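Undergrad: For reference, the chains in residue letters:
Number of protein chains: 2
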Amino acid sequence: MAAAPVWSVDPRTGNPREQVAVEATAEEVDRAVRAAHAVRGALADRTVRAAFLRTAADLLAEAQDRIVETADAETALGPVRLTGELARTAAQLRAFAEVVDEGAYLDIHIDHEDGSRTPPWPDLRRYKIPLGVVAVYAASNFPLAFSVPGGDTASALAAGCPVVVKAHPDHPATSALCASILRTAASRNGLPEDVVSVLHGFDAGVELVKHPLISAAGFTGSIRGGRALFDAAAARPTPIPFHGELGSLNPVVVTEAAAAERGEQIGAGLGGSMTMGTGQFCTKPGFVFAPSGAAGDRLLKSLTETVGATGAGTMLDHRMRDAFVKGVAERAALPDVETPVTPGAGDEHTVSAGFLTVPARRLAEQGPHDALLEECFGPVTVVARYDSPDEITAVLSRLPGNLTATLQIATEEADGSAAGLLGELTPVAGRVLVNGWPTGVAVAPAQHHGGPYPATTSTSTSVGATAIERWLRPVSYQSTPEALLPPELREDNPQGLPRRVDGRRA
Amino acid sequence: MAAAPVWSVDPRTGNPREQVAVEATAEEVDRAVRAAHAVRGALADRTVRAAFLRTAADLLAEAQDRIVETADAETALGPVRLTGELARTAAQLRAFAEVVDEGAYLDIHIDHEDGSRTPPWPDLRRYKIPLGVVAVYAASNFPLAFSVPGGDTASALAAGCPVVVKAHPDHPATSALCASILRTAASRNGLPEDVVSVLHGFDAGVELVKHPLISAAGFTGSIRGGRALFDAAAARPTPIPFHGELGSLNPVVVTEAAAAERGEQIGAGLGGSMTMGTGQFCTKPGFVFAPSGAAGDRLLKSLTETVGATGAGTMLDHRMRDAFVKGVAERAALPDVETPVTPGAGDEHTVSAGFLTVPARRLAEQGPHDALLEECFGPVTVVARYDSPDEITAVLSRLPGNLTATLQIATEEADGSAAGLLGELTPVAGRVLVNGWPTGVAVAPAQHHGGPYPATTSTSTSVGATAIERWLRPVSYQSTPEALLPPELREDNPQGLPRRVDGRRA
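Protein chains in written order, with UniProt numbering: chain A, 1 to 506; chain B, 1 to 506.
Same shape as in the complex, but just chain A:
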């Protein structure tokens, strides 16, 4: 059987651009994983790892023109967005280099021998070690920041884990280019290139998560694809952690007072956030509670103007475009659903943005309108008009888990009167925003990009410094002579690492 070719396709025309690779066979998956496993020891030195991550950032920045051009040609995301995404990707690699240098992520605990305890404590020293080879499944919608050189790769390498990336079929040329840059960065730091490699092909992705030498996986994508891989990871003879980001509705609650105070501004902000990047952000606000009545009407008028003025957009591929057109049509056909701006097909390659409205009470109980509680990838949002806050509570309790939940309040509600609503949003999301928009995820230590299932399949974040925790496991050394201990755990702390000694920060 001939190997299936992997084509880079121009989503603006649907035409193939070039053949980038062939899909990896099971043997090639095995070879890549074994090669990565064989070189894992090379990543043991934290100083070398940090230098590698910084070189990768430098080389990606140097190749900006070529990367942005390649990524734009096969994703249509546009040079402005892609230039920003590349800068963020490089910054992320540098941020993880800092995390590695600082070493707090090692979570070092030292408890000296203590005969006064019942029973007596031996000398115990714990830190965290890398899990092993990590499989990364690249996202469609971030060809850089959540793909080959993205957060999963950066955090896994920072942890000391070699990475095998399953490229997304929407940007194979960008994937190949970035992989080559990462491998060069490894080589320039004296590391074997096989600390990072890239595979193409759906079947290769399934083989990858089942490979006995894969120790953990990171995924960003759809509920269907992510759940299938999660299930495969759990069904292995030796199950592995599967950190998947699967899908999110990202609800927004606009209070009556907020709509009265600045309905126009909220409508415009919502319109901008939900159409940004042709609605292809994981954090797109896809479901909005807006009050019935005049204030809510003003919000909708402003939303109508903003969304109506949005030009047609190109989605990442034609399959997504078709799914969007079908998804919005099905939703729009439900009873009591209206479309002030009808989303759907643009020309044969594009989509046009729009939004739906529905009475919130329609969603208080199970029924066909539950389709409106499922993410629809693309430039559409659902506005649920409520008559009373009770309807918000009833529908919130039926929502699946989310990456974000947003509260839009009036100035006077910041005094604490909105605390109840904030308390209702916290259980359904991993990040709660007030008077902002969820698109845009700062790569900050306090960030949490994750949430109750299906937002993510684990309790970890995929953005921010603590993302490194996903690829580590603790190990304790008991009564181990100084000369046999890893340097991180030696009494004199030769690496100057932050630690907790006998229960106190040292």
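There may be inaccurate statements among the hints.
Same chains, same names: a pair is fine if it fits in one copy or spans any two.
Distance condition first, Cα-Cα at most 25 Å in a straight line; then the derived SDA-like pairs of lysine to any residue [stated by the list, open to error]:
id, residue 1, residue 2
1, LYS210, LEU373
2, LYS301, ALA312
3, LYS210, TYR453
4, LYS210, GLY41
5, LYS210, ASP231
6, LYS210, GLU365
7, LYS210, LEU399
8, LYS210, ASP370
Just so you know, the hints here were simulated from the structure itself, not pulled from any lab data. Quick caveat, the model's predicted, so the values are computed rather than measured.
Since the structure of chain A is already known, use the hints to place chain B on it.
TA: What follows is chain B alone, placed relative to chain A:
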């Protein structure tokens, strides 16, 4: 259909003692979980939680005579061991009260707004919140420390999660007694009793892990039972974290020099550790590499004396006794396996301790001898005699994951020459010991009680302060007005909690 009775049984005679309860029906499981879910808000206050844990410790200590008597009658573990286990259990509850008071586990990060970042950072504040109702599956072999009032319950309550415990059938009376004490402790602190409840019955346990309002599970037990529950947790429409401790061989490597220096002492220590508690510890050293030749022979002679002098013991139940007798007989029948002290049946209710020897080279490749690489619960260990260190390496690479791995070295090897062997043991275990024995697990911050599968199904520990992390998830608040923030995240830090502010410890 009449509800199945739950009997407390005396393992010393096999006779039923008393009917303690009936097995919970699916409706009763649903009722218990809903009751726990309904009162989860009561656990929000950290001060109250800490007080509750301390009251629980006090009340358990006060009831020592009754608890030890009840537990001994249905487990035969003996009053000395059970008195120690109760003290450890109470200490564990108090240790988690300290963890709650200190609040470092909240892992608070605050990043102030920073317009100099590209793109600008909003104000972000993250901490960890309880996951929800936790299902705890009690262990057979620790009726207190890993059962109703044990580490999973203590850490989940410390995290702010209500707990529903599935009692182990080997000690239903102890479970009922301890549950009643915990519920009294809740009540004395103004908490609803339903923050902890106990269910009996195998089917109830299966229902429990599938219940939509269960958010996470902790388990200590067999590979078969644990894997079935792990699979059920992963197959839920909304999968949940399943922190299971399933099985461990706990390998020991005795170097040639160690055997030469103190073979007798090592043999005696091994004999004591493997027969302690009738070999029913998760950390029992079940597989030992000992050198061929005279030094190893001396070790075996000493082991023979120690094990041979060990009296018959009563296991936790007759099913385990029968499984032990069958398991050791099957292993002893393998070619080249010898039994210097033959393990097996004692009288009709007891077992006698023993050990097997096998040439290590027999285990270097897949074959019938792989049965020796599976845990055999009870007072038996396997001594693999090696001719060269290469045989150790070959067999270690074939071992499943372990809670512990132990290295016995000579004085002169502490200078660093044993570092290579220590490096080979680290990948197969969560705790690595030098010149000690793995039975006995200190409840210390630097402890890690977990390891590669099947030792545990997650990377977390079930013993020590960090066990609390299993029951939490992070949430970030973005641009949230001070008055709406939870107190833990307010700017002026009213609770005086340790935090990281703008990347620095504060």
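Undergrad: Should LYS210 paired with GLY41 be assigned to within, between, both, or neither, using CA atoms and 25 Å as the limit?
TA: Intra 22 Å, inter 40 Å, cutoff 25 Å: intra-copy only.
Undergrad: With identical chains, the pair LYS210 and TYR453 could be close in the same copy or across copies; at 25 Å between alpha carbons, which is it: within, between, both, or neither?
TA: both (22 Å within a copy, 15 Å between copies)
Undergrad: For the identical chains here, do LYS210 and LEU399 meet the 25 Å Cα criterion within one copy, between copies, both, or neither?
TA: The answer is between: 19 Å across copies meets 25 Å, while 32 Å in one copy does not.
Undergrad: Within a copy, between copies, both or neither: where do LYS301 and ALA312 come within 25 Å Cα-Cα?
TA: within (20 Å within a copy, 84 Å between copies)
Undergrad: Using 25 Å as the alpha-carbon threshold, which applies to LYS210 and LEU373: within, between, both, or neither?
TA: Result: close only across copies, 23 Å inter versus 32 Å intra.
Undergrad: With identical chains treated as interchangeable, where does the CA-CA distance between LYS210 and ASP370 reach 25 Å or less: within a copy, between copies, both, or neither?
TA: For LYS210 and ASP370, the Cα distance is within 25 Å only across copies (23 Å; inside one copy 34 Å).
Undergrad: Under a CA distance limit of 25 Å, which applies to LYS210 and ASP231: within one copy, between copies, both, or neither?
TA: Both ways: LYS210 and ASP231 sit 10 Å apart in one copy and 16 Å across, limit 25 Å.
Undergrad: Using 25 Å as the alpha carbon limit, work out where LYS210 and GLU365 are close: within a copy, between copies, both or neither.
TA: between (39 Å within a copy, 22 Å between copies)
The structure shown violates none of the earlier numbered hints.
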